[in-house]
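Once you've looked at the hints, dock chain F against the given chain U.
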Amino acid sequence: MTPNDRPAPPLLAARGLRFARNDEPVFGPLDFSVDAGEALLVQGDNGAGKTTLLRVLAGLLRADEGEIDLDGQPAGTSRRARAIAYLSHLPGLKADLTAIENLNFLCGLHGRRRAQLPENALAIVGLAGYEDALARQLSAGQKKRLTLARLWMSPAPLWLLDEPYANLDLEGIELVNRMVQAHLREGGAALVTTHGAYAAPPVRTRMLVMSKGGMQ
Amino acid sequence: MSTQTATLSGAARALLARDLRLLWRRRGDALQPALFALLVVVLFALALGGEKQALSKVAGAVLWLAVLLAGLLSLDTLFRGDAEDGSLEQWMLAPVPLAWLVAVRTFMHWATSALPLLIATPFLAELLYLPRDQLPVLLASLALGTPLLSLLGAVVAALTVGMRRSGILVALLALPLYVPVLVFGAGSVAAAAQGLDPVGALLLLGAGLAVALVLAPLAAAAAIRIALS
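Each protein sequence line maps, in turn, to chains U and F. 1 is the number of the first residue of the first sequence in our numbering; add one for each residue after it. 217 is the number of the first residue of the second sequence in our numbering; add one for each residue after it.
Simulated from the structure, these hints should not be mistaken for laboratory data. One thing to keep in mind: the hints can contain errors.
Stated by the list, open to error - Calculated from the model, a selection of chain U residues having no Cβ within reach of chain F, i.e. all distances over 10 Å:
| # | residue |
| --- | --- |
| 1 | LEU93 |
| 2 | LEU106 |
| 3 | GLY111 |
| 4 | ASP169 |
| 5 | ARG204 |
What the hints assert, rightly or not - Non-contacting residues of chain U with respect to chain F, defined by C-beta distances greater than 10 Å in every case (computed):
| # | residue |
| --- | --- |
| 6 | SER33 |
| 7 | LEU90 |
| 8 | GLY92 |
| 9 | ASP96 |
| 10 | LEU97 |
| 11 | GLU101 |
| 12 | ASN104 |
| 13 | GLY108 |
| 14 | PRO155 |
| 15 | LEU168 |
| 16 | THR194 |
Stated by the list, open to error - Coverage of chain F stretches by chain U, computed from C-beta distances (three or more under 8 Å per stretch; other residues unrestricted):
| # | stretch |
| --- | --- |
| 17 | 219–225 |
| 18 | 230–241 |
| 19 | 303–309 |
Values in this document were obtained by computation on a predicted structure and should not be read as measured data. Backbone N, C-alpha and C define an ideal beta-carbon position, used for all residues, glycine too.
Just chain U, with the same shape it has in the complex:
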């Protein structure tokens, strides 16, 4: 049997993932997997543990129990760094740098797709003409778009998007959906947290519904 006959391992698989803060369970145990070309919509009320789940997957927090596999291999620090791009609540932008300087720095830090130039990425997220604007002068929605540009440049196949729709106008929501769609078409995958189903990308999605003190 050649390796091609076997089904490819899921891009991300979690088994028995559990996290507790000060002995108080936040979520879990959770079992789920995300294949390439697929999006996982993580839904739940405020405080249900969506952000915590993403931070555990990104490696910013350590799970109390359970395993995380990336591409069929246990997720270590270096594997995570190459496979995961994380869009956090905090933008990670320096207020005193311009949009393009912020983007260049983050590309130097994370690497980038060779085909993508920072100027193009800015144009894609609708920030053409704002290259030399300081990040402090951008509105909350424009800052969000700048972080989306960073995500677009990232070579990582797995996107962890924490509330990507926050602060965005209707056109921005459409933009996120288009980006996720294009990313999935190229063989990537995405985990998207929302607290409602109002803005799901039109792609093959699985749902993970989290609720306080447990999960369904």
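Same frame as chain U, now just chain F:
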């Protein structure tokens, strides 16, 4: 998908360029440590009445204190800004080791807060009537001691990065770590003043620097991971 991966040197270059730009955009803030050190030195000179005899005796110790306090002043800004706007989170997720980024950031801190003082030291030493033959020893001790202070300070700053306001806590935590550096640094100048051999103290500073160069970034990186989790 064709990618351009992040390399150690590439990430370091990006971080250095970023910090230099930020420094230039806030050049008023950047001058603070140097002005503070100047203030300490001038006040000391005035307090001792500009008396050459008294000043030349304490000049080495005063300069060391001024440099140490100026470094302490800017310590809190080392990681706090990056923690608050989420940059540190992105550092932790980058393919390059966090310890490497911490080391580069600490080098920038030293280059922007201590290096200008090092360059100004000969002038400040004149102000305090430091005997000329002690100047090389003072410069050597500062050249070895200030990077050591920055590295030790980075660990302390990393430990307190999770707190909203650390203020005096940074100074309290840093103090016991700074004392040996101050003792050997100022001690080397004092030994030279008494005609003794200052090399022993300088070598100890060098040894401390070698150890801290390896261990401090690792410790600071671990502290940041704990503080932000």
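**Asked** Against the structure shown, which of the earlier numbered hints fail to hold, in ascending order?
**Response** 1, 2, 3, 7, 8, 9, 10, 11, 12, 13 and 14
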